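Enquirer: With the numbering used here as the guide, the letters of the sequence shown map in order to residues 507 to 662.
Think of the hints as simulated: they come from the structure by calculation, not from any bench.
Just so you know, not all the hints are guaranteed correct.
[Unchecked claim] In the DMTMM-like style, the derived pairs of lysine to aspartate or glutamate whose C-alpha atoms are separated by at most 20 angstroms in a straight line are:
#1 K572 - E561
#2 K540 - E648
#3 K540 - E573
#4 K540 - D627
[To be verified] Okay, the calculated beta carbon distance ranges per label pair:
#5 D658 - A564: 20 to 26 angstroms
#6 P524 - R595: 24 to 30 angstroms
#7 P520 - G621: 33 to 39 angstroms
#8 T606 - D645: 16 to 22 angstroms
#9 R595 - G542: 18 to 24 angstroms
#10 G560 - P520: 18 to 24 angstroms
#11 P522 - D645: 20 to 26 angstroms
#12 L547 - R569: 19 to 25 angstroms
#13 L582 - D622: 16 to 22 angstroms
#14 P524 - D599: 30 to 36 angstroms
#15 V587 - G542: 23 to 29 angstroms
#16 T636 - R556: 26 to 32 angstroms
#17 P520 - T636: 35 to 41 angstroms
Computed from a prediction, not measured in an experiment: that's the story for all the values here.
For glycine and all other residues, C-beta sits at the position ideal for the given N, C-alpha and C.
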Amino acid sequence: MIQTLAAPVIPNPPVPVPTVGVVCLRGDEVLLIKRGTPPRLGQWSLPGGRMEWGETTAAAALRELKEETGVEAELLGLLDVIDGIFPARPGPDGKPGEITRHYVLIDYAARWISGDPVAGDDAAEARFVTRDEAMALVDWDETRRMIQQAYDRFAA
Numbered sequence: 507m508i509q510t511l512a513a514p515v516i517p518n519p520p521v522p523v524p525t526v527g528v529v530c531l532r533g534d535e536v537l538l539i540k541r542g543t544p545p546r547l548g549q550w551s552l553p554g555g556r557m558e559w560g561e562t563t564a565a566a567a568l569r570e571l572k573e574e575t576g577v578e579a580e581l582l583g584l585l586d587v588i589d590g591i592f593p594a595r596p597g598p599d600g601k602p603g604e605i606t607r608h609y610v611l612i613d614y615a616a617r618w619i620s621g622d623p624v625a626g627d628d629a630a631e632a633r634f635v636t637r638d639e640a641m642a643l644v645d646w647d648e649t650r651r652m653i654q655q656a657y658d659r660f661a662a
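Modelling step: build the complete structure from the supplied sequences, incorporating the hints.
Expert: Right under this line is the structure:
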């Protein structure tokens with residue numbers, strides 16, 4: 507008698523969400539947005555967002571940049587791919603909660619071509635700042651690392 511063991515099937519299991527981000531450089535400045543919606547409401551970040559069905563990562567990056575800031579740019583290169591895995595807050599026992607969000611963040615460097623930053627879509631504010639200002643405004647280490655990497659590789 508052959509017995510097969512199968513893992514339980516979970517209907518519609520959660521899957522990571524592919525997203526893009528853009529470190530847009532203009533001279534010695536970098537473009538940031540202040541998030542107007544969750545997650546990370548009110549925090550400074552890179553312009554970016556979810557990919558659409560059938561869209562390339564490069565096209566998604568340029569679209570999100572335009573939608574959130576009104577800025578047009580040329581992509582300079584891929585910076586990195588980052589897993590953003592966010593658990594719920596720890597429970598009373600101090601143990602981390604279950605994973606609530608999992609994003610695959612595909613970050614590009616870009617050079618500004620045209621447009622003055624104007625907050626759009628889910629951005630509450632958009633503006634160019636110096637690298638030092640960006641490092642002080644942004645609170646996530648991975649975002650600061652992407653900004654630094656863009657400056658190291660592509661700043662004039």
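Enquirer: Look at each hint and say if it fits the structure.
Expert: Status of the hints after comparison with the structure:
no., hint, in the structure
1, K572 - E561, "holds, 15 angstroms"
2, K540 - E648, "holds, 16 angstroms"
3, K540 - E573, "holds, 14 angstroms"
4, K540 - D627, "holds, 12 angstroms"
5, D658 - A564: 20 to 26 angstroms, "holds, 21 angstroms"
6, P524 - R595: 24 to 30 angstroms, "holds, 25 angstroms"
7, P520 - G621: 33 to 39 angstroms, "holds, 36 angstroms"
8, T606 - D645: 16 to 22 angstroms, "holds, 18 angstroms"
9, R595 - G542: 18 to 24 angstroms, "holds, 22 angstroms"
10, G560 - P520: 18 to 24 angstroms, "holds, 22 angstroms"
11, P522 - D645: 20 to 26 angstroms, "holds, 22 angstroms"
12, L547 - R569: 19 to 25 angstroms, "holds, 22 angstroms"
13, L582 - D622: 16 to 22 angstroms, "holds, 21 angstroms"
14, P524 - D599: 30 to 36 angstroms, "holds, 33 angstroms"
15, V587 - G542: 23 to 29 angstroms, "holds, 25 angstroms"
16, T636 - R556: 26 to 32 angstroms, "holds, 29 angstroms"
17, P520 - T636: 35 to 41 angstroms, "holds, 39 angstroms"
Checked against the numbered hints listed earlier, the structure breaks none of them; every hint is satisfied.
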